[in-house]
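2 protein chains.
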Amino acid sequence: MFIDGLVLDATSRTPMHRQLYTSLREMVLSGILPGGAQMPSSRALSVRLGVSRFTIVTAMDQLIAEGYLRTVSGSGTYVETIPNIPSSSPIAVTQEVNHAEDDHIRLLSKRAQKLYWRDSISLNKSARYLHMSAPDHRLFPFQAWSKLTKEVLSNIESRVAYYRDTDEPSLLEQQIAAQVAVSRGIRCDPEEVVTTFGAHHAVSLLTELLLDPSDTVGFEEPGMSAVRAIFQSHGCHVVPMTVDQFGADPSTLSEQNVKLAFVTAAKQQPLTIAMPAKRKLEILFWAAENGSIVIEDDLGSEFRYLGRPIPPLKAMDRDNRVIYIGAFSMSLLQTLRIGYMIMPRKLAIQCRRLIQVRYRAMPQLTEQILARFIEEGHFTRHLYKTHRIYAKRQERLLEILHDKFEEVFEPPQFSAGFYNLCYFSDPSIDENRLLTICNDRGLGIEQLSYYYRSKKSPKSGLLIGFASSTENEIEIGTTILRQCVKDV
Amino acid sequence: MFIDGLVLDATSRTPMHRQLYTSLREMVLSGILPGGAQMPSSRALSVRLGVSRFTIVTAMDQLIAEGYLRTVSGSGTYVETIPNIPSSSPIAVTQEVNHAEDDHIRLLSKRAQKLYWRDSISLNKSARYLHMSAPDHRLFPFQAWSKLTKEVLSNIESRVAYYRDTDEPSLLEQQIAAQVAVSRGIRCDPEEVVTTFGAHHAVSLLTELLLDPSDTVGFEEPGMSAVRAIFQSHGCHVVPMTVDQFGADPSTLSEQNVKLAFVTAAKQQPLTIAMPAKRKLEILFWAAENGSIVIEDDLGSEFRYLGRPIPPLKAMDRDNRVIYIGAFSMSLLQTLRIGYMIMPRKLAIQCRRLIQVRYRAMPQLTEQILARFIEEGHFTRHLYKTHRIYAKRQERLLEILHDKFEEVFEPPQFSAGFYNLCYFSDPSIDENRLLTICNDRGLGIEQLSYYYRSKKSPKSGLLIGFASSTENEIEIGTTILRQCVKDV
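Protein chains in written order, with our numbering: chain A, 1 to 488; chain B, 489 to 976.
I should point out that these hints are in silico values taken from the structure, not numbers from a laboratory. Treat the hints with care, as some may be off.
Stated by the list, open to error - Below, computed lysine to aspartate or glutamate pairings styled on EDC-like, alpha-carbon distance capped at 20 angstroms:
1) B:K974 / B:D928
2) A:K278 / B:D549
3) B:K944 / B:E898
4) B:K766 / A:E26
5) A:K110 / B:D703
6) A:K147 / B:E639
7) A:K150 / B:D624
8) B:K947 / B:E895
9) B:K880 / B:E777
Here chain A stands alone, though its shape is the one from the complex:
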C-alpha cells in the first residue's frame, strides 16, 4: 500500500500533520497516489501510521481545501485527477533553464526593450564627498519627524488609514499651497496641488496625461538627461531648446509644433542660470501663442546664497500655461519620495484620476507626517537652518577653488543650489577618464557633458557639490580632486 513509503519523524520540529500533508501532496503530484484512488479512512490511517486522528484529519482537510483530495458525500475521500503533464512541465523539479531566461527578455514590450538606462556616476552609493545633488542627510530633523510619526500613528484616523477621497485636497496639499505662496510667490488653491512620488514621477504622470507618442516636446539643451529619458521612453519626439546666457530660449523652438516644453527657470540645470524676467515673459508669451504647456521643474531653487531666491516662472503665469513641479528631495531627504505639482484645476482633476487608476492612492501616512511637519513650522525652520549651513559650505568651496585650482578651472561663478559649475581652463582635458578616477576615489561630482544630448559639451566642466559635505569634508574631497586631476 502507498503509505508504506510514508515516513513521519516524531522528533522533527515540523508538526506531524504538516509532515503528513507535505508527503501526501508530493505523492499526488508525482503520481504515486493516482487520480481516482480512494483514500483509506482517517481511522485506518491513524492506526497504520501510529498518529492521532486529529493529525490525519488536519492534514486531509488542508489537502481537500487545496484540491489534492476530494470528498464524495457518503462515499469517502478520493485522490484528485491531476492533469498528465509532460516532463518539461511545471511540476518537474528542474533548475531554472537558460532558454527560459531569454524567453523572458523576448516578452518585453517594445517600449521596455528600448528603455534608456541611466548609468551615471552620481547614483553610485560610494560617493562620499562633493556629491553634486544631495542634501546632507545628517541634517534631517529626525527628532521632529519621529515625534510627528508617533503623534500621527497614535491618533490614526480613517482619512489617513484608508484610500482617501481623491476629489478633496489632502492636508498635505493644503499645506503645500500655503507654503509655496510664501516661499516661491505662487498663488494657488489646494485643489490645484497634486502630490506625487517626487519630480520624476510628476513628469511621468504629465507625459501620460498630456502626450501621445508622436507628440513633440521642447527640452533644454543642456538639460536633465534623466528627465529627457522619460519623454523619450514614451515615444515622444524630443527637440532641443537652446540654453543661452538667459536660460532656455523658446525662439529656438519656432517652426516646430511643440505641445509641451520643459524648463528649469529659477536655476537652470546644469548651468545654474537664473532666468531674467524678460526671458520668462517670452516663454509665457510663446506658450500662449502656440497653445502649449510649459513644465517648470523648480529643483533646489530655494537655495540661493546671495539675496533672495529667484521667483519661478509660475509666479508670473496668469494664463495657467505653466505646470510647476516641486519636491522635498533637496529640502528634506532624497529618498522620502514626496513631491507635488501645481496645475490648472481641470487638469488636476484628471491627474488625480490617473493616479487612482495607476496607483489606487498615494501614501497618506507619510503625507500626513509631512503635512504636520510643515504645519508646525518645522519645514521653514529646517530650510533656514540648512540654507545657512550650505551657504558656508559653498563659500568654503569657492575659496578653495580660487586658491588651489586657479590653473585648473576658470574663476567659478556665484552659484545657487547644491553645486558649483567649474569650467576647465585646459579644453583638452580627458573628462571621461577624470570622472572615472573621481568616482573610484569616492567623489560624487558629475561632468557637464552628461547633460548634453550628444554627451559632448562645447566647454568641458565639472559639477562640484558642496551641500552634503561638511567644510572639513570639502577640504578632503578637493584634495582628492586635485590628485585626480594630476593623475588623469
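Following the hints, complete the assembly by docking chain B onto the known chain A.
Structure of chain B alone, referenced to chain A:
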C-alpha cells in the same frame, strides 16, 4: 520723476527693501519704468526715499538678479526692455478665463481622454461599518513602528538617504524574500523581489514592461475592475477568462493569442474561491504551452480562518511563468503604499530600470522601517494577532448572517480574506438602489455586480466586510443593513 509714485510704509512688517523691490518690479512690468531708462544712483534714491543705501542696494541687487534691471559697467543701472505683449498677455492681471480651462481639457492625451474612472462606494471615506477590503487601522502596531522610525532616523545611513544602487537588493527586498518562503511557500532570491507602491503600481509597471497597446490580456470574469482598468487604459485588448467553481479557467482563453493572464488564485476576488491544485497545474501548463506570463495577485490570502492559508500559484511554478504580486495593504495599512513583485531575474533587472526612469527611486526611508519591522519579527506577530482577531469577527458576522438574515441571503459560505460573499435569496432585489442606501448610511460593503464587465452578475450579492469592524460594530452595521434591505 517715477519715484514720486513710490510709497514705502515704515510701519509695515514687510522689510523696506522688500517693499521697494516689489514696487519697482511692478513699475517695470507695467511699463511705468520704460525699458532703457537709466535708474538714479543708489545714493540719490536713498536721499529721495529717505531710506538707507543698504535698503536701496538690497532691492536693486535682487531686481538685477531677476533680470528687471541691468548694470552697464562704468555707466550705471538701466531698466531691462521687457517684450511688448498684448493685453491678453501673461502679465495682464486677469481672472482665470473659462476658455483657458476648456483649452486644458483639449490638451489631454488620447489615453487620458479615455481614462476609465472608478467611482465605487468602497472608496467613500464615510464608510464606517463592514468595509469589505480594509484592515482595522486601529490595530496597526504604532508603537513598534514609531520606535523603528526613530531608530532608522537616528542612525540614518547613506543607503537610506540617497537614491540607492538599483542593481543590489534592498534590505526590504531581502526581508520579503525570507518572509514569503515561510508565509507563502515561495522560494526566491532577493534579486527576484522588486518593491512597488502597492499592487496597482505593480500591475502598472508590468503593463509597461510587458505589454504593447494591441496585446491581449486574459482577465478573470468576475474580477477586480480597478485592475482591469489599468490594462484597458494602456490600450490592451482585455478578454474574459471565466471563473467557475475552481477559479479562473484558462481553457476559456483558447483560440486567442493571450500574452498575459491575470489571476487571483489562493482567494479569488470577488468569489473567494481557493483554486484547487489541478486547476493551478492547468494554468501553469497553459502558460508554458502558449509562452504566456501569468500575473498572480495574492491579496489578502494570508487570512484564512480554517486550516492553513492556501498556497499561491507561484509556489508551484517551476518554469518561472508566474509573476507574483504581494502588498502590505491588508496585512498592515492600506495607505502605507508598499508592495512587491516576485519575478524572473532578467525581468526584475528591466523592471528596476523602468522604475529608475519613471520614479528615479523608491522611498528608502519607509522601506527601511518596514524591513526592520519584518526583521525584528513584528510583522509575523502582527499577522498572528490580526488573524486571531479577524477570525473572531468573521465568526460573529457568520452567526448574525445565519440568525438574522436567513430569508435575505443564501446560507453564506466559509470565507477567507476580509469579507463574506452573500448571495440574495430573492433575485429581484434592486442591488444598485440598496447599495446607494447602504452607502448613505455609512456601510462600506460592495455589490458583486461591480466585478463583472457588464456590471451585471448572474446572481446578485453583497460583499460584507468584517475585518475593520469590531464585533460590536458588526452588530451595529448589520442592524443598519437589515433596515436598508427593508427600506429598499
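Keeping to a limit of 20 angstroms between CA atoms, is the pair of A:K278 and B:D549 held or broken? With Cα atoms ~16 angstroms apart, A:K278 and B:D549 stay inside 20 angstroms; holds.
Is the straight-line distance between the alpha-carbon of B:K974 and that of B:D928 20 angstroms or less? holds, 15 angstroms
Taken at face value, is the distance from the CA of B:E895 to the CA of B:K947 at most 20 angstroms? holds, 16 angstroms
Are the Cα atoms of A:K147 and B:E639 separated by 20 angstroms or less? Holds, at roughly 12 angstroms.
Restraint status (C-alpha distance of B:K880 to B:E777 at most 20 angstroms): violated, 44 angstroms
Assess, step by step, whether the Cα of A:K150 is no farther than 20 angstroms from the Cα of B:D624, and give holds or violated. holds, 18 angstroms
Check whether the Cα positions of A:K110 and B:D703 lie no farther apart than 20 angstroms. Status holds; Cα separation ~11 angstroms.
Need the status of pair B:K944, B:E898: alpha-carbon distance at most 20 angstroms? Holds - the C-alpha atoms of B:E898 and B:K944 are around 19 angstroms apart, at most 20 angstroms.
Compare the distance between the alpha carbons of B:K766 and A:E26 with 20 angstroms, and conclude whether the hinted pair is satisfied. Roughly 13 angstroms between the alpha carbons, so the hint for B:K766 and A:E26 holds.
Violated hints amount to a single one, hint 9; each of the other numbered hints is respected by the structure.
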